[in-house]
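So the protein sequences, as listed, match chains A, D, L and F. Just so we're aligned, residue 1 is where the first sequence starts under my numbering, counting upward by one. Just so we're aligned, residue 1 is where the second sequence starts under my numbering, counting upward by one. Just so we're aligned, residue 1 is where the third sequence starts under my numbering, counting upward by one. Just so we're aligned, residue 1 is where the fourth sequence starts under my numbering, counting upward by one.
Certain hints may be false.
Repeated chains share a single entry, so a pair holds when one copy, or any two copies, can fit it.
What the hints assert, rightly or not - Calculated lysine-lysine pairs in the DSSO-like style (CA-CA distance at most 30 Å, straight line):
(1) Lys-154 / Lys-165
(2) Lys-154 / Lys-15
(3) Lys-221 / Lys-191
(4) Lys-330 / Lys-15
(5) Lys-343 / Lys-154
(6) Lys-38 / Lys-15
(7) Lys-330 / Lys-38
(8) Lys-343 / Lys-15
(9) Lys-304 / Lys-38
(10) Lys-304 / Lys-191
(11) Lys-343 / Lys-304
(12) Lys-221 / Lys-280
(13) Lys-165 / Lys-221
(14) Lys-280 / Lys-191
I should point out that these hints are in silico values taken from the structure, not numbers from a laboratory.
Letter by letter, the chains look like this.
Number of protein chains: 4
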Amino acid sequence: MIRFDNDYMAGCHPKILEQLSLTNLEETPGYGHDHYCKEASELIRKECGNPDAEVWFMNGGTQTNSTVLNALLRRHEGVIATDSGHIAVHEAGAVEAWGHKVIELPSTDGKLYASAIDRYITDFYADATYPHMVFPGAVYISFPTELGTLYSLKELTDISEVCHKHNIPLFIDGARLGYGLMAESCDVTIKDIARLSDVFYIGGTKVGLLFGEAVVAKSSKLLPHFFTTIKQHGALLAKSRLLGIQFKTLFTDGLYYEVSQHAIHQANRIREAFTQNGYKIAFDSPTNQQFFTLPNEAMDRLAKNVSFEVWGRRGETETTVRFVTSWSTKTEDVDCLIQQINKLNNK
Amino acid sequence: MIRFDNDYMAGCHPKILEQLSLTNLEETPGYGHDHYCKEASELIRKECGNPDAEVWFMNGGTQTNSTVLNALLRRHEGVIATDSGHIAVHEAGAVEAWGHKVIELPSTDGKLYASAIDRYITDFYADATYPHMVFPGAVYISFPTELGTLYSLKELTDISEVCHKHNIPLFIDGARLGYGLMAESCDVTIKDIARLSDVFYIGGTKVGLLFGEAVVAKSSKLLPHFFTTIKQHGALLAKSRLLGIQFKTLFTDGLYYEVSQHAIHQANRIREAFTQNGYKIAFDSPTNQQFFTLPNEAMDRLAKNVSFEVWGRRGETETTVRFVTSWSTKTEDVDCLIQQINKLNNK
Amino acid sequence: MIRFDNDYMAGCHPKILEQLSLTNLEETPGYGHDHYCKEASELIRKECGNPDAEVWFMNGGTQTNSTVLNALLRRHEGVIATDSGHIAVHEAGAVEAWGHKVIELPSTDGKLYASAIDRYITDFYADATYPHMVFPGAVYISFPTELGTLYSLKELTDISEVCHKHNIPLFIDGARLGYGLMAESCDVTIKDIARLSDVFYIGGTKVGLLFGEAVVAKSSKLLPHFFTTIKQHGALLAKSRLLGIQFKTLFTDGLYYEVSQHAIHQANRIREAFTQNGYKIAFDSPTNQQFFTLPNEAMDRLAKNVSFEVWGRRGETETTVRFVTSWSTKTEDVDCLIQQINKLNNK
Amino acid sequence: MIRFDNDYMAGCHPKILEQLSLTNLEETPGYGHDHYCKEASELIRKECGNPDAEVWFMNGGTQTNSTVLNALLRRHEGVIATDSGHIAVHEAGAVEAWGHKVIELPSTDGKLYASAIDRYITDFYADATYPHMVFPGAVYISFPTELGTLYSLKELTDISEVCHKHNIPLFIDGARLGYGLMAESCDVTIKDIARLSDVFYIGGTKVGLLFGEAVVAKSSKLLPHFFTTIKQHGALLAKSRLLGIQFKTLFTDGLYYEVSQHAIHQANRIREAFTQNGYKIAFDSPTNQQFFTLPNEAMDRLAKNVSFEVWGRRGETETTVRFVTSWSTKTEDVDCLIQQINKLNNK
């Protein structure tokens, strides 16, 4: 069985493991006060082109989203997201658990457009009853989105401008950031992300680390008392140096981009194999998640030797499926998958 | 200026005021332990045909909705509602503030249909990732809805059956219950409401009282420790007898139905005047809220002498407006409004 | 049976009822936008000597405490109170339900002293681990306290200065404010309360109204978006004019002080009767709550004709009891109580 | 500089690291569905002598405490703890953030006694106003406590019986469980802990792992829907196998006890050195945390070469300090510390 279920099936990149091993018995202070966290923060600030950025390390995506949003939002505010956004669907209501509504705007391609945000906020304040309603207090987008789609630099700039016009922060969920940045069609850099968002995070769990996400805030005013907020969320790692060491390694010698690039290359090969064999692309994703709508018969045959995710429910005659590559995807596994795809039409 | 803005512009029905005055200096225990609350509860249990029902009195609608839902839902659960439901829009995120997601299903007529509920819950459990999602833990509907529309007995029975099939409680917001029950086309009785729901409330604030809503739970197991939950929500009235006295009077000699009936009669007269003059009905409401889509010019002329609510935003050429009657609507004010409507076409 | 259980057994002062009756069928906007709320606010601002004060009306004490504190506190902050404070004991954890710890400092007389606050906050920031702890974000005191005791002007000034020194707001719970201000030994005025606190509230429920508390914030910056916060707490009364009318009447012609004065006079008579008969005062209260430690035998004899509250648990040989007077206490009832007390020693 | 600041300064035990390295590129399902989590759970169930126990893995102590307590408590309930308990002091109000009061009982030795719990709960229900108060819904103790002290089997049995008598669950925080179990004077086994508690956790972060705590619930009914609750708390690790692998290794060949035993041995050596030199023990701890009250002069001299924690504030002439050993404490570091202590008296 070869596996394309998701991008968190393996441990971490060997270089990361090597650093964890080398430093294992070193004694450091905890809770973010170790020198590795400081060095990693410095590398990230440089990478983002913002010496004033504040960097915080957390353990996983849902934790990061609910902690950052709880810090950004005041009690009468909610966050605008698409109805397929991770916080709207797959975080077990973590944002609401901390008291904030996720204001869901409909989307077909997983993207939230500047025009939709602008219209929502404008309509909100035009409604005389708005003080009885949840105020839009932040905008949440993912880069890439849940459907693997990407914002262009123009689209991102427009969103950023709408947010600033309405004076609410833009938060970008970068759980798979590297896979977005390395997509062939991507015209956005990490510096753009840092410049156009107020807060974003660099996903590590899915991009080479054992676990870890690096939150980057444009200025120290955005997340006041964030240390205590992190602690209150149960999100403060005692041995913070584990995060520091991992992110330091990830942002040394471009490892982050290198591992992301690998995943994109393999994803492209898979897409080509499916499309050359006449299969339908479900969502136009240039990133490490590839979605196809397959005849059930083909899907069932593939499933005998390949593991992948059924996206949504199985349809009557065809079903949308997801194939995911990552930093750890083996070239020979993709070779093998392509062979299987090529054989599908020769029943 | 004659006013049809809403149904909470006046104080209370004279009979209610009379009882409050007569009992004013009587000394009673507080927090629900007075004999008036007990008598009112007994009257309501009888009216509902359920001697096992538990009755609680609260002050207002948003308070009642968030307190009851917080009691019904477990921490991993949310409540299914339409996207125009009061809890989804006009309660400032009170349900989310207590940690629960409002799972919004789209609706064009303000109603939630059994089939949509069934599909949502069935799809939910068919999705392998459902343990990562907010569980549907209750269904919330309003009778009448925010758009003045009503469920038929058949529709309500279907919803009730779907809820029981999936083993989740049905909660009916009856802020305007009387105006629903007294609608000419309504084939539902208060006994039906009590029988088909798990918890519902009888709105008093909009139907003759100074303030007050009576929560009716089918059994005492549904809202365990509700007294303390009410207190924790800041919803426990010290002088509870104010609620007891008001509801006792409201359910003596059919006053609740009588005052509701009056509002419906006046609402019907208004609808007739608009339709006879060729104006469009926006939502087909048989209750005390009437929605029309008027040419802006007609709307502006009316607005010189009549006060009403613009529903949503003003359109380019026409706009939807709301006229509301209540127990306190004066017949002569409706006479006057009808004259104004009749004159609209004679520019 | 004559009753001294508490100060919320009767309805409202006849003058209040008269105004509610006179205005009953008037049509006004709701949610605080009526002219009565505006007039009452203006009267209160004048009374407080602060034209910049912001006034909000709410329904009851627990609701007011949790809503105001939730507005004052940031998510990493808690509120300092005595361990006998109402928010620490009798509000069913309403402050914690909104996410904030009540930091309880021990107290024997119900009072929180400036020195204790100062020491707590100074020690807090001297502890290197403080970022892992709940920050002291506000100070809560009651005037009078739960034990009927009062702060002198000097004590209140000291508390206020400590709060300002540490830059955290002082919130005064005035559920029984009138009974404090009218105490013979009181050297504090409502203007002092308004000047020395950041936010306080004027209790109405226990001082002549059917229900209602008036929140007074020193400036509009203290409670930003408080309208929406009130709504989210389920604390926004639709027919707000009920609160406006009541408070307008209460602050017209000194009614608030007049009714408070009456309660104090009757409380003093009761205390005198007990002390002249040799009974022990439990807490030295100059206000409308009087606490005595009685031999159980005497307590039991009194209880045959008089209703009062057992404070804490019944002791082996003697027990502390509470007698409460209010605006509605009848002089003849106190006469009768005094006779009973005088007879206690003639077994 | 030799360090005795805390027990989370180093990475993990070499055997743990070895297993993480060996399995690093293996592909496994996430979110607890991997075979390592299953194997580790099985080992723990065996160790606890309870085949019905449910085991869950989480990342850190504060996270575990707030998630478990939020699952155990209903919304009107709080948790009883000592006023020095970790949840009462050093978790930034995480329990309150989820809506639950920490009911703090005073303690001088860090321990909560059965008699104090019994008295609190008995008094609570004897108070007629208890429905207005936070219900005691669970008992929280630590083994060892924050002060390094331990419960005897008799004391633990008494607490367990009081909890069962009052029908509320006992939750034991075992962040340093191993260091308690291996203390020379300890007469409690892990089977006792599992038998006498309803839920407890086995701390890994401080006892040999990179991070991780294993929650053990006596039965599957105690933490219903806990998977979703964990997710909602942001506490679900994507690569759960990291926890599985670590705990599997820790409970293979008695590694947990072996590493704990080492720390205890070194702690005992330190205590002996201090006491033989006439220094005062501050709290009588038989575990890996040792507290001494030193003359400031001696403390300052030691601090030149040794790193340790000042406990509380520096006193005028003497100060309480904490020395902590762990699985990673080097024997030669303790040798060196002992030399320094021995030299203190030879000024």
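Report task. Pop the pair Lys-280 and Lys-191 into one bin, within, between, both or neither, using alpha-carbon distances up to 30 Å. Result -> neither (34 Å within a copy, 54 Å between copies)
Query raised in the report: For the identical chains here, do Lys-343 and Lys-15 meet the 30 Å Cα criterion within one copy, between copies, both, or neither?
Result: Neither, since 37 Å and 45 Å both go past 30 Å.
Report task. Can you give me the call for Lys-304 and Lys-191, within, between, both or neither, at a CA distance of at most 30 Å? Result -> neither (43 Å within a copy, 45 Å between copies)
Query raised in the report: Between copies, within a copy, both or neither: which fits Lys-165 and Lys-221 at Cα up to 30 Å?
Result: The answer is both: 19 Å in one copy and 23 Å across copies each meet 30 Å.
Query raised in the report: Under a CA distance limit of 30 Å, which applies to Lys-330 and Lys-15: within one copy, between copies, both, or neither?
Result: both (17 Å within a copy, 28 Å between copies)
Query raised in the report: Under a CA distance limit of 30 Å, which applies to Lys-343 and Lys-304: within one copy, between copies, both, or neither?
Result: within (13 Å within a copy, 73 Å between copies)
Query raised in the report: Are the CA atoms of Lys-38 and Lys-15 at most 30 Å apart within a copy, between copies, both, or neither?
Result: both (19 Å within a copy, 28 Å between copies)
Query raised in the report: Is it within, between, both, or neither for Lys-343 and Lys-154, if the alpha carbons may be no more than 30 Å apart?
Result: neither (41 Å within a copy, 54 Å between copies)
Requested in this report: Pop the pair Lys-154 and Lys-165 into one bin, within, between, both or neither, using alpha-carbon distances up to 30 Å.
Outcome: Intra 16 Å, inter 49 Å, cutoff 30 Å: intra-copy only.
Report task. Could you place Lys-330 and Lys-38 in one of the four classes (within, between, both, neither) given a Cα distance threshold of 30 Å? Result -> Between copies, since 27 Å is at most 30 Å while 33 Å is not.
Query raised in the report: Is it within, between, both, or neither for Lys-221 and Lys-191, if the alpha carbons may be no more than 30 Å apart?
Result: within (20 Å within a copy, 37 Å between copies)
Requested in this report: First find the shortest C-alpha distance between Lys-221 and Lys-280 inside one copy, then the shortest across copies, and answer within, between, both or neither for a cut-off of 30 Å.
Outcome: neither (47 Å within a copy, 46 Å between copies)
Checked against the numbered hints above, the structure violates hints 2, 5, 8, 10, 12 and 14; every other hint is satisfied.
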